[in-house]
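If you read the sequences in order, they're chains B, R and C. Okay, so the first sequence: first residue is 0 according to numbering that gives the first Met the number 0, each after it adds one. Okay, so the second sequence: first residue is 0 according to numbering that gives the first Met the number 0, each after it adds one. Okay, so the third sequence: first residue is 0 according to numbering that gives the first Met the number 0, each after it adds one.
One or more hints might be untrue.
Which copy is meant is left open, so a pair is good if it fits within one copy or across any two.
As the list claims (entries may be wrong) - 20 Å max Cα-Cα, derived PhoX-like pairs, lysine-lysine:
| id | residue 1 | residue 2 |
| --- | --- | --- |
| 1 | Lys239 | Lys118 |
| 2 | Lys191 | Lys226 |
| 3 | Lys191 | Lys52 |
| 4 | Lys175 | Lys52 |
| 5 | Lys191 | Lys175 |
| 6 | Lys239 | Lys110 |
| 7 | Lys239 | Lys226 |
| 8 | Lys52 | Lys239 |
| 9 | Lys191 | Lys239 |
| 10 | Lys118 | Lys226 |
| 11 | Lys110 | Lys86 |
| 12 | Lys118 | Lys86 |
| 13 | Lys175 | Lys142 |
Treat the hints as calculated values from the structure; they're not laboratory data.
Next come the chains, spelled out residue by residue.
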Amino acid sequence: MEGPDLGAFSFGLDDLAEAFASLSMFPLFEIAHYILMCQAVRSDSGGLTLSRKHPLANWVCCMLMCSAGGFISSLLLGLPLIGPLSKTPNVLLASAIWYLEFYAPFDLFHKAVTFLPIKLVVVSLKEIRRAHKVPDGIATAAKVHPHGYVAHVVIACVKGAGSGFMLNFQRLVRGKWSPETNQILHPTVVLKECLISAILFTLPTGVLPINQDQLLLLTGIAMVIVKVTLTVTNVGDPFKPIENVLCMPIFGKAEVMAAEKKKKE
Amino acid sequence: MEGPDLGAFSFGLDDLAEAFASLSMFPLFEIAHYILMCQAVRSDSGGLTLSRKHPLANWVCCMLMCSAGGFISSLLLGLPLIGPLSKTPNVLLASAIWYLEFYAPFDLFHKAVTFLPIKLVVVSLKEIRRAHKVPDGIATAAKVHPHGYVAHVVIACVKGAGSGFMLNFQRLVRGKWSPETNQILHPTVVLKECLISAILFTLPTGVLPINQDQLLLLTGIAMVIVKVTLTVTNVGDPFKPIENVLCMPIFGKAEVMAAEKKKKE
Amino acid sequence: MEGPDLGAFSFGLDDLAEAFASLSMFPLFEIAHYILMCQAVRSDSGGLTLSRKHPLANWVCCMLMCSAGGFISSLLLGLPLIGPLSKTPNVLLASAIWYLEFYAPFDLFHKAVTFLPIKLVVVSLKEIRRAHKVPDGIATAAKVHPHGYVAHVVIACVKGAGSGFMLNFQRLVRGKWSPETNQILHPTVVLKECLISAILFTLPTGVLPINQDQLLLLTGIAMVIVKVTLTVTNVGDPFKPIENVLCMPIFGKAEVMAAEKKKKE
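Chain B with its partners taken away, still in its complex shape:
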């Protein structure tokens, strides 16, 4: 008699996965994303000074971050780079959030959204948006290059973790240039999540025992859990231990580095 029960449960899960996959990102999830992007611009060094002295540059920085994935993926796919700015409702919504975040009376908005319980909700919404961006990115890339699987993974990462790639250029707009680091050199946790998720989504049908909707639900839950944990606790990059184990046999021939040092001496 367990069969029907399991079936019902499996049906329920399917339903949930399907509903999750068909969630509309606009406006709720976009708002959460815009809030976090404007906060990132504000918390970057000199953010508040910029907002008082150079409101135009401040707005441009926030728009670049809010649509980072859209800008970079458009550039990579040969689509109009200005595309994200042509969605007038999104731009107006992002501009409203930008105004509230920086110029609201008594800084009330900023204080509200950095209040921990609210922050956790915002962060979770944003991670659900990120999870959706990965299959979105693959679908967009597949329209341009149906069999360019490496390209699919790259676009999915750019769509999911675009603000990390945009950071250096956003700083350039505000007159700061920090070439010594970038998200490729020092991959963030969210980039690694997007990379793994994108590879899973690119696998041929049948390799994974679950369908794409279920995979989306799982990656969404995983991303929320990781981000919430990282926000409330002090644990570091959860991928580090795995990397330490894997990198040594694959990349770790230390003799070569020793040889390089010798050459210099």
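For this one, chain B is given, so just place chains R and C on it according to the hints.
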């Protein structure tokens, strides 16, 4: 009996506006533009040394500046970035101006075009070209994104004040990198003019009491007057007083900056 | 009786030129190219440290260099920038070379391909590939802008000497920024070769006494000879003497520079 007179005058103004709107930019206005762009490259620090030691880089810098609006708007609209270089007559004309500006015998050309009366004519022609570039830019952007009004304004500004955005990249070609400033952080007078003009052109028909040709004539006259005034006198940015009045109530909550300072301490 | 002999020889040369022109670049010539590009990344300062500490950035750098011409020409022609990454076989091949070059046991692969006789073969294959890229680039550009002859030459140079233009951006990925030099400011020998070759290929039919296949054969031979000579001997840029003779009358009015110095004083 004043009616007919007014009508005739109004008819005459319409005619003028229409004639002004249908002015061909090539070759006269383009020549004025190319002269000023090559002068900008020459007067940037180390310009003459560059022209003697690195003629190729010098030519590339001048071409980048001469077609700055074209390059950046092509990039933003997903059109071939090389587009401006594919108009062979324009490139040959710009190259001729480049050669005259830098390598003419006894530097005669440069001395002639920097002679104040001639300079004022050149500057005025260039401003008329700039005024035309704003509705041009809007029309180009509207072909790609018919209802992306923010995108229209951005492209119009890029077409009208493109050389200001290109400056940093032109310097990069000559081995100088000046990330600490850019036209978004420190908007130039011409950028502000283009921004206002672009917003006026983007307004729905009927909001302004004049048609687009008349608006073009008016903005053209305004731009010429501002630029000529700035060239012959020492007055600063004419928009500063308005900004000072407007920015305080919109962006000016100074408490927040004070709070930031406290944090640092 | 010499007529038939000459005819036979001429027929043989035509055949050779045709066979040379129809050589497939994949996989042999591409392998040579990938080897040299990965070596360039490795020999750039800190290359080995990068390969141990940041394998992802290292891989991205190598891919950027391996498809440099493809990336930059796609950007310039408004094609998808990700195009080169969408050719999965090429990317997998380049990744295999990348792995062998950096992480092979006992560094055997690197030692083998830097062994002079093998290196000369690799270098020669790469130069043949470069010779082919010039007419390839012109054909690609002509599809987008049939009569933009300046654009044809630019794209041919980018396809032939793309890695030189990519160098600064590759360094940026690894957290180094070297704005003080670039291939336009200090043209490399290969860029000059590509420029001359591209101009020859762009000339109207009938100006040169040979057809395009024969021209390709000749430029290929010339490029191989120059590169092999530069690899085994210490001679400098073979174009320098010609430049010294030509630049003085065209660009060399030294009075102007003297005038600039006076101004500064």
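| task | Since the copies are identical, ignore which copy is meant and state whether lysine 239 and lysine 118 lie within 20 Å (CA to CA) inside a copy, between copies, both or neither. | result | neither (26 Å within a copy, 39 Å between copies)
| said: At most 20 Å between alpha carbons: which applies to lysine 118 and lysine 226, within, between, both or neither? | reply: within (11 Å within a copy, 50 Å between copies)
| Taking 20 Å as the upper bound on the Cα-Cα distance, should lysine 191 and lysine 175 be classified as within, between, both, or neither? | neither (27 Å within a copy, 23 Å between copies)
| Within, between, both or neither: lysine 239, lysine 110 at alpha-carbon 20 Å | neither (33 Å within a copy, 32 Å between copies)
| said: With identical chains, the pair lysine 191 and lysine 239 could be close in the same copy or across copies; at 20 Å between alpha carbons, which is it: within, between, both, or neither? | reply: within (10 Å within a copy, 47 Å between copies)
| Between copies, within a copy, both or neither: which fits lysine 239 and lysine 226 at Cα up to 20 Å? | Within. Shortest intra-copy distance 15 Å satisfies the 20 Å Cα cut-off; inter-copy 45 Å does not.
| Within, between, both or neither: lysine 52, lysine 239 at alpha-carbon 20 Å | Result: close only across copies, 13 Å inter versus 41 Å intra.
| query | 20 Å Cα cut-off: does lysine 175 pair with lysine 142 within a copy, between copies, both or neither? | reply | Neither: 37 Å inside a copy, 35 Å across copies.
| Alpha-carbon proximity context of lysine 191 and lysine 226, limit 20 Å | within (13 Å within a copy, 42 Å between copies)
| said: For lysine 191 and lysine 52, with the copy left unspecified, which applies at a CA distance of at most 20 Å: within, between, both, or neither? | reply: Between copies only: 16 Å across chains, 36 Å inside a chain, cut-off 20 Å.
| task | Measure nothing new, just compare the shortest in-copy and cross-copy C-alpha distances for lysine 118 and lysine 86 to 20 Å and report within, between, both or neither. | result | neither (27 Å within a copy, 42 Å between copies)
| field | Alpha-carbon proximity context of lysine 110 and lysine 86, limit 20 Å | value | neither (29 Å within a copy, 49 Å between copies)
Of the numbered hints listed earlier, those contradicted by the structure are 1, 5, 6, 11, 12 and 13.
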